[in-house]
Amino acid sequence: MKLTLVTGLTGLLLLGTIVELLRRRQLREKYGMLWLAVLIIVIPLSLFPRLLDNVAELLGVASGVSLVLFLGIVFLLLVCVHLSWEVSALEEETRTLAEDFALLRAEINADRAARDELVSTDG
Amino acid sequence: MVNGKRTLIIIPALNESGSIADVVGEVRGELPGVDVLVVDDGSTDRTAAVAAAAGAKVAKLPYNLGVGGAMRLGYRYARDHDYEVAIQIDADGQHDPRYVPKLVDLLDDNDLVIGARFAGEGDYMVRGPRRWAMVMLSAVLSRVAHTKLTDTTSGFRAANRRVIEMFATWYPAEYLGDTVETLVHTARRGYRIRQVPVAMRKRMAGTPSHSPARAMIYLGRAFAVLTLALIRR
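First to last, the protein sequences are chains A and B. Residue 120 in the working numbering sits at position 84 of the first sequence, and the numbers go up by one each step. Residue 63 in the working numbering sits at position 51 of the second sequence, and the numbers go up by one each step.
So here's chain B without its partners, still in its complex pose (with noise of 0.2 Å):
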């Protein structure tokens, strides 16, 4: 329970054996009382068994689906079980789990709350084509959601029951499709969006892709998400 609203926290994990017992812990250590879901896409190390014995309980893909596909599972999952609020964190240890009454508090007036970065707290930096991407992102985002979304990328985010049963049934798992296509469904059908400002934390395991050949593919596909995220029904 976070605020009296029954909640699950959805985890997508895959091949975080490393550190997904830590987050796991940290999670029902800061936030007693909630359940965790940890969505195994189909590793191949331990990871499932890890987390179960943390203390999560765990819904393991029999192969790799994307983050997407994860997703869709978990609020399937937080839909049969009746859930009131879904949060959706990263296995890597970025997102902090201290951050998760505050999104769930604006969950009252809002449906889906981002945990945003670059919004005042901490200090994330990006730069170059990368940067500029999540710039046009952003813009383009902003209008559509009719409110000021700086890190629309963030997989950080609080879901009430409406958008749970949305995401139940219709939940990309394609490329960027978990983040930039989900805000433009979820705005396009008039559920409200909100972010609040969150510091991240540098990853627990694993490294992120950064040389400026990739930054620039990022940039074209972040280009071609979003176009046809828009003249998608």
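Next up, chain A with everything else stripped away, as it sits in the complex (with noise of 0.2 Å):
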């Protein structure tokens, strides 16, 4: 009965967490939800543990708690892969903005050499 209420209520501050960073807005929608989605899923399962153990049983798996335990390092290890994804797009283009920034800089440079040539020559 203690480890339903541990998990349990970490869950719920888990949930809490998430609620008031999305409230805030410190988290992007499509993570929230996610996580959110996901929390929907485990709470229940930290206050009856065994709602896993026939498909446990089904695949083999000695317990539904092992199951779980399982699926959860599955999962974070995609959210990881997922996140170097998002961190190499997000590389990629703060690289092209650097390089528009360059191009720009060097642009108005040698404008602004052009034109002091000009008013050099004129006066």
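One should not assume that every hint holds.
A few chain A residues facing chain B, derived, Cβ under 10 Å [claimed, not checked]: (1) L88; (2) A92; (3) T132.
Reference listing, derived: stretches of chain B covered by chain A, where coverage requires no fewer than 3 residues with Cβ under 8 Å from a Cβ of chain A [unchecked claim]: (4) 82–88; (5) 106–119.
By construction, these hints were calculated from the structure, which means they are not laboratory data. Don't be surprised by glycine CBs; every beta carbon is placed ideally from N, CA and C.
Both chains are given apart, each in its own frame, so use the hints to dock them into the complex.
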């Protein structure tokens, strides 16, 4: 009974945190929704750990709890890979931005130099 | 202009305020009428200002992107300003600009020309794992490019208009991407690659990395980069 209490409370605490982060716009919806969906699945499981025992037996896993643990790790790995992918895309975007910025700055400096030359030959 | 072609020399530079003025000055002295673009790769010293004072055009990146990032910027500049030939030269003074006309000559029949060390001229030598890496890269890339390539990591290169346009939109920013991966990509797309023997000089400033451990790591990374480049589209 104690374990159920600990896991259940942890789930609820996480839920509160995610909702609060979303409310303060500290978390993009696409990520917030993902974590909310996970918590909605996990919280009932933490309260009734035997829920998955039938599925576990079907797959040859000793208990529903181990199944949850395994799926949890797989899920976290997938999330990490996804984040690396997103960071790679972001890096490419910032790289292009930096190049654009450098090109524009070079252009402005060239224009300014040309104008200064015009002024000096006029005067 | 080199051999009647509008030519841009691209020099990627990171904290090279010590040598950049000499390199720019030498290029402008040896190759009159050629434009020089120094791409300042987020230097924290006065590289950009020194290069501009020496008569180069300067594009300054807001932060460090690595050689590959700086080079794509250079090729974008070459494309946007309608240069027919773009030549990359290192900022440390290793590449002798007197070879540039020789490189450009070969662009009539080729798309990318590499100034190669260890191809007869000069006495540049390496040993150990670093040498094995170079031998492996040369063997594989020579096959891919259907031509003899002995110095695939040379940063002394001349590109014609077609390759400029490709490099302006596609240029890897990662380790060895600027040398090894660009060669694989270029060869795969049917562009003709050739190398020209050049004598390589001692760098004017800075030191190369030479511990055995680092050389082994270099070999490993070179192998990984090459494999990735070969299986990429």
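Here's how the hints hold up against the structure:
1. L88: violated (40 Å)
2. A92: At about 39 Å, which exceeds the 10 Å cut-off, the nearest Cβ of chain B leaves the hint on A:A92 violated.
3. T132: holds (9 Å)
4. 82–88: Coverage by chain A holds here, the residue count being 3 at a Cβ distance below 8 Å.
5. 106–119: Our answer is that it is violated, as 0 residues pass the Cβ test (under 8 Å) against chain A, missing three.
Of the numbered hints stated above, those contradicted by the structure are hints 1, 2 and 5, listed in ascending order.
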